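J.: Take a look at the letters that make up each chain.
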Amino acid sequence: MPKFTTFADVQQAIEQGELTTVNIVDYYLEQIAASQDLNIYVEVWADEARAMAKQQDERRRNGEQLGRLAGMVISIKDVICYENHQVTAGSKILEGFSSLFSATATERLLAEDVIIIGRTNCDEFAMGSTNETSIYGPTRNAADPTRIPGGSSGAAAVAVQADTCLAALGSDTGGSVRQPAAFCGVIGFKPTYGRISRHGLLAYGSSFDQIGTLTHSIEDTALLLEIMAGADDFDSTASTTDVPAYSKVLGESKPARIAYIRPALEHPGLDGEVRANAEEFLNKLRTQGHTIEAVEFDLLDYIIPAYYVLTTAEASSNLSRYDGIRYGHRSTEAENLQETYQKSRTEGFGQEVKRRIMLGTFVLSAGYYDAYYARAQKVRRLLLDRLNEIFATYDFICLPTTPTPAWPLGESLEDPVAMYLSDIYTVAANMAGLPAISLPSGTHESTQLPLGMQLMAPAWGEASLLAFAKNI
Amino acid sequence: MTYETVIGLEIHVQLSTQSKAFCSDSIQFGSAPNTQVSAISLGHPGTLPRLNKQQLDYAIRLALALGSKINLRNTFDRKNYFYADLPKGYQITQDAQPVCVGGEIEVIVEGKPKKIRIHHIHMEEDAGKSMHDSDDPYSYIDLNRAGTPLLEIVTEPDLRSAAEVDALMTTMRQLVRYLNISDGNMQEGSMRCDCNVSIRPLGADYYGNRCEVKNLNSMRYARKAIQYEVQRQIKIVEAGGTVAQQTLNFDPSTGVTTPLRSKEDAHDYRYFPEPDLPPVVLTEAQVAAIKKEMPDLPKEVRQQLVTEYQLSEYNADLLTVEPEPARFFLALAKATTSYDAAANLMINKILPWSKEEGKPLTALPLSYAQLAEFIALIEEGKVSNSIAYQELFSAMLNAPEQSAANLAQVNNWLQSDDEDEMSNWVETAITDFPDKVKAYQSGKKGLIGFFMGEVMKVSKGKADPKKVNQLLRERLG
Chain A
1 MPKFTTFADV
11 QQAIEQGELT
21 TVNIVDYYLE
31 QIAASQDLNI
41 YVEVWADEAR
51 AMAKQQDERR
61 RNGEQLGRLA
71 GMVISIKDVI
81 CYENHQVTAG
91 SKILEGFSSL
101 FSATATERLL
111 AEDVIIIGRT
121 NCDEFAMGST
131 NETSIYGPTR
141 NAADPTRIPG
151 GSSGAAAVAV
161 QADTCLAALG
171 SDTGGSVRQP
181 AAFCGVIGFK
191 PTYGRISRHG
201 LLAYGSSFDQ
211 IGTLTHSIED
221 TALLLEIMAG
231 ADDFDSTAST
241 TDVPAYSKVL
251 GESKPARIAY
261 IRPALEHPGL
271 DGEVRANAEE
281 FLNKLRTQGH
291 TIEAVEFDLL
301 DYIIPAYYVL
311 TTAEASSNLS
321 RYDGIRYGHR
331 STEAENLQET
341 YQKSRTEGFG
351 QEVKRRIMLG
361 TFVLSAGYYD
371 AYYARAQKVR
381 RLLLDRLNEI
391 FATYDFICLP
401 TTPTPAWPLG
411 ESLEDPVAMY
421 LSDIYTVAAN
431 MAGLPAISLP
441 SGTHESTQLP
451 LGMQLMAPAW
461 GEASLLAFAK
471 NI
Chain W
1001 MTYETVIGLE
1011 IHVQLSTQSK
1021 AFCSDSIQFG
1031 SAPNTQVSAI
1041 SLGHPGTLPR
1051 LNKQQLDYAI
1061 RLALALGSKI
1071 NLRNTFDRKN
1081 YFYADLPKGY
1091 QITQDAQPVC
1101 VGGEIEVIVE
1111 GKPKKIRIHH
1121 IHMEEDAGKS
1131 MHDSDDPYSY
1141 IDLNRAGTPL
1151 LEIVTEPDLR
1161 SAAEVDALMT
1171 TMRQLVRYLN
1181 ISDGNMQEGS
1191 MRCDCNVSIR
1201 PLGADYYGNR
1211 CEVKNLNSMR
1221 YARKAIQYEV
1231 QRQIKIVEAG
1241 GTVAQQTLNF
1251 DPSTGVTTPL
1261 RSKEDAHDYR
1271 YFPEPDLPPV
1281 VLTEAQVAAI
1291 KKEMPDLPKE
1301 VRQQLVTEYQ
1311 LSEYNADLLT
1321 VEPEPARFFL
1331 ALAKATTSYD
1341 AAANLMINKI
1351 LPWSKEEGKP
1361 LTALPLSYAQ
1371 LAEFIALIEE
1381 GKVSNSIAYQ
1391 ELFSAMLNAP
1401 EQSAANLAQV
1411 NNWLQSDDED
1421 EMSNWVETAI
1431 TDFPDKVKAY
1441 QSGKKGLIGF
1451 FMGEVMKVSK
1461 GKADPKKVNQ
1471 LLRERLG
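So the sequences go chain by chain: A and W.
For the first sequence, the positions run 1 to 472 when the working numbering is used.
For the second sequence, the positions run 1001 to 1477 when the working numbering is used.
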């Protein structure tokens, strides 16, 4: 069991003098040391975290007003910028690279006195569903270290699962926060596209990427969202839509109308026990007085191909900047400009990243654009229309987060397409830009691994989604 | 066989905005290399573009001036290619929906007007600069220019000669300067053009294969490149060959174009919608507001000088080549009603002063009122034209705090209206040349001019020519 499951407990412990902020940071540092074999962190900022804690304790003693997150210890995924700290996206191509600025999300949390304890491992450039494509090696699932934690924010999920921090920031392009949350038994939340600024988030698929959170409690999810969300001069896609006080509106939730997607529960790829778990979850909601109804959905099998066409297209362009010229890895073998590109990128990128760059380059090529990119955009449009149609009648859509529990390490390196298909339930929220949350829903009996159920809401429906999730 | 040259241009105009197209870095020309580069200009991980709205306003100004159709919903695309001076590995541009479509511009070629149609104008960002030859085998990269806002103006293939290209570039430069959207300075690279050149038999209704000559940054090079390219293509066709569609580089030192890449090797830029920039939607009201604030266009100003201020076509042309003299004249014309005199003063004194001093007209130390006073002194016959131009104007520049009348007074340049003094000067001139007097009196009336000159000499220019003329006629009979 984690020492703290909500930030309110942390605040209470500090205020009642049971613990100092330094004690709390030290606790998490000990947890990090005890979980070395899980390979969660690529860098721990121990001295810095302790210094921040010490300073907070002093300021508190002096009666100073502290920020709303004073005493909260978090980790950030290795794709989120923190000024003068390394950020490498789990890639050799960014070895030794330090960011000149902080991500807007990081900056807003720091302004409220959050303590960042380190950066977590992840799939290279967030491309992967297992956390195995990182240059730093795989992260292991704390529930079963022979298994993957999911990905790409796998280590972020394990960081919370193994109680090495209270909350973690991840990024979610196709389920990268929700899927590992389900595999690790924590809460994973991805807001509406544009809710949190992407400034300082290393881009994978720009029109899909969102920063998300991994926590033990909905209260902490809401509080972090409330502080990070909102318009930003450095990101034109960050919305100017008002930011409600999410953490203040968790109190009550009215009976809701919930749709579940029939073909999703009947999908051949869905594990039987996961299906049973999903049905149990839906029944529980029914007994709580919510309306649960099946809806038809004929786009399920098109979502994954369309998603991989669009995200790899964007990625092929987003990753062009890693060319060995201005920063990051530059091959020492190159004799001219062309070789500098080829050798630096050949040496710097891993296999999965190369595969996606090539796929994306291909689908954008002259003569193929209409057949792939343009058609995938149409699927995206159809999907959004269909989901909005469902939301005209229902408050939420409920789905399993993943079709199976976490699988053994090494398995999907053999068969990437099988791995891609495992994103089937999570990518819809990214394709349509909708908020979605994965909640722990019990244990997979035969493997004793955690499972998660996912709730998706209409755009900007975070407040009611979080309130509903809180009151299940 | 006689061939016709067919040319279409892609003109790149660097906009004179305060900051770059998608971030707040300055775009001032001539700064030390790589000093105007933030993490965004450098394409650091995690950075995103944000549209400089001024760029869009400038594009709308040009669209209004050229009569183009304006796209109210502006989207951006990425043009992907690798180059060392392109930090992101792609250029943000407009491929699918350019901001302006259509329109035309009138140029004067050998005295005759000709309309050149515009295909479209799109917004994009410039790349940085590469310097290859200074320290072989290294290349130097300056990213100050990376992200500078550009408008690319693509014309229809309506041009038929290097002279027409020259006329178009000159007219376009004049236009962007009037619109205050660019300094149009080709030496500093603010205006560059790529020329698409082809030839066809005179009168043919098809186009030949075209070659694109890249990055011509002076009119002289453009002329030479086109002349060379036309001859090269004619030679190929005459020899029974076909011109290969390719991209060419012009080497100014040899005057020769050489292939950069062929059609087969053409870049595949993999254009796709820029996901980091949502569409920018303008309203008709915003366009109307830009229209309301539009500066006058060169053609309109020239027309105004001719009709409202009755200047000669020649003077009107001289004063409207650049926007500053035209604006200066219009301001000066509010202070005086002697428009012709004002034009002459500008052409003969003020413009040469600006050129010699290398200063803008706005730096002239004299106010419009002082200049009007100068003009009035001549018009009212108080100072002779020659003294005013030869002496008084320089004196005013040296002592701008003094009035023109005062300077003329102090320096004894006021024309005399003292009858006695005037009679004395006339008398001296006549007494000195008895032969000429006789000749005049025997019918050589043209000698009046000679006597006028003499009187002026004697009076050091102070004599009022009208009165002198009258006195001389009376005296010579």
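Read the hints as simulated data drawn from the structure, not as lab findings.
Wrong hints could be hidden among the right ones.
[As the list claims (entries may be wrong)] Once the Cα atoms are required to be at most 30 Å apart in a straight line, the calculated DSS-like pairs of lysine-lysine come out as: (1) W:Lys1334 / W:Lys1382; (2) A:Lys354 / W:Lys1112; (3) W:Lys1263 / A:Lys354; (4) W:Lys1079 / A:Lys343; (5) W:Lys1129 / A:Lys92; (6) W:Lys1355 / W:Lys1299; (7) W:Lys1263 / A:Lys343; (8) A:Lys378 / W:Lys1079.
Computed from a prediction, not measured in an experiment: that's the story for all the values here.
J.: Hint by hint, say whether it matches the structure.
T.: Now the hints, each set against the structure:
no., hint, in the structure
1, W:Lys1334 / W:Lys1382, "22 Å, holds"
2, A:Lys354 / W:Lys1112, "59 Å, violated"
3, W:Lys1263 / A:Lys354, "28 Å, holds"
4, W:Lys1079 / A:Lys343, "23 Å, holds"
5, W:Lys1129 / A:Lys92, "28 Å, holds"
6, W:Lys1355 / W:Lys1299, "24 Å, holds"
7, W:Lys1263 / A:Lys343, "27 Å, holds"
8, A:Lys378 / W:Lys1079, "22 Å, holds"
When the structure is compared with the earlier hints, a violation turns up for hint 2 alone.
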